[in-house]
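Spelled out from the first residue to the last, the chains are:
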Amino acid sequence: MSSQEFPYPHLAPEVRRLSGDPLRLWGDARTRRLALEDILAAWRHEQPERLRIAIERVETAVREGLGQLGLPRGPVREVEVRRRPGGRHAAKLPSSVLVLSGNYLQAMLELRHSPDSVLRTWLHESLHARQPFTGDRYAAEAEHWLGYEEGLVEGLARLVVQDKAGVTTLDLAYEGYVRAYRALARVLGVSAEQVWRDLWQVGLGGVRAAFPSVVTSLRGDETQALLDVADQLFATTRLAADVADSQLERIWRSVLP
Amino acid sequence: MTPEQYVTRIRELVEQREYTAALDLADRHGAEVEQQLSREQWGLLGGLLEHAEVMEAARESGPVAPTPR
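If you're matching them up, the sequences are chains Z and V in order. Take the first sequence: its position 137, counting from 1, is numbered 137 in the working numbering, and each next residue is one higher. Just add 257 to wherever you are in the second sequence, counting from 1, and you've got the working numbering.
No lab work stands behind these hints: they were computed from the structure. All C-beta atoms in this analysis are idealised placements derived from N, C-alpha and C, irrespective of residue type, glycine included. Take these hints with a grain of salt, some might be off.
[As the list claims (entries may be wrong)] Computed, partial: chain Z to chain V, Cβ under 8 angstroms:
| hint | residue |
| --- | --- |
| 1 | G87 |
| 2 | G102 |
| 3 | N103 |
| 4 | L239 |
My request is simple: use the sequences and hints to build the entire structure.
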């Protein structure tokens, strides 16, 4: 079998089901970089029509790729590139607008030379968009326990780029939450992908409420202690926490003997 | 403002749920520090400011429900 018949062998089989430009964008790093550079140039030079077309190109690839991976995206009204200095990377807003920072795009392309980190971020925000946003429900969870949702979508986004597309990115945000999920999966004896996919079925703002039943279904019994420990590990105040993997596993094992 | 001061202040504001103030600070001082931020600082800020932006937007879109227990 030639590479012409089956291009991009580093891609997972489900991603290789894509065709045309989306397949090229997923499979070829140079194509991705040029596509993102086009977005950055159009934004810098304030060329709205060029920007719209350049965004739509990557957007189509992201949407179709997630669909092939069984993680279909819900409604997104628009993807906007805006000036967002000082570490504002991206956000999926309640208005169903996905905002990408032009400053972040510039930094990843020109300063940190990691254009694929932009793809990871785009996927991250798209995974938030699995269902329409309900602001009060989301805020009630995220105000206290941000990590249930952010650890879930960041873990899935990393899994998609690294394991399904063979792409290396800078892991920039939500490291502590992702590691908490991975430690949980090891203790449960299942893959992190299984945990994240089961929780991804739950809408935005409902992950904490569904957490015990999802873990129970993966394991076998339900305890309030499990939720208490999970609340600690996914607490909004723990965003900057740096806890060793062995310690994270000890914490999970304290309620999952 | 140094990158350390910037990160510390953003973190304090987000932890105090002063989301608008955190976003204002990023708009006013972010550009002057962003090239000096370490990878770790960059990552932390990404999380803090995404949270601030979405929470601010969520507040505007409707009341926050009671904390579920």
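Hint check results:
| no. | hint | in the structure |
| --- | --- | --- |
| 1 | G87 | holds, 3 angstroms |
| 2 | G102 | violated, 11 angstroms |
| 3 | N103 | holds, 6 angstroms |
| 4 | L239 | holds, 5 angstroms |
Checked against the numbered hints given earlier, the structure breaks only hint 2 and satisfies all the rest.
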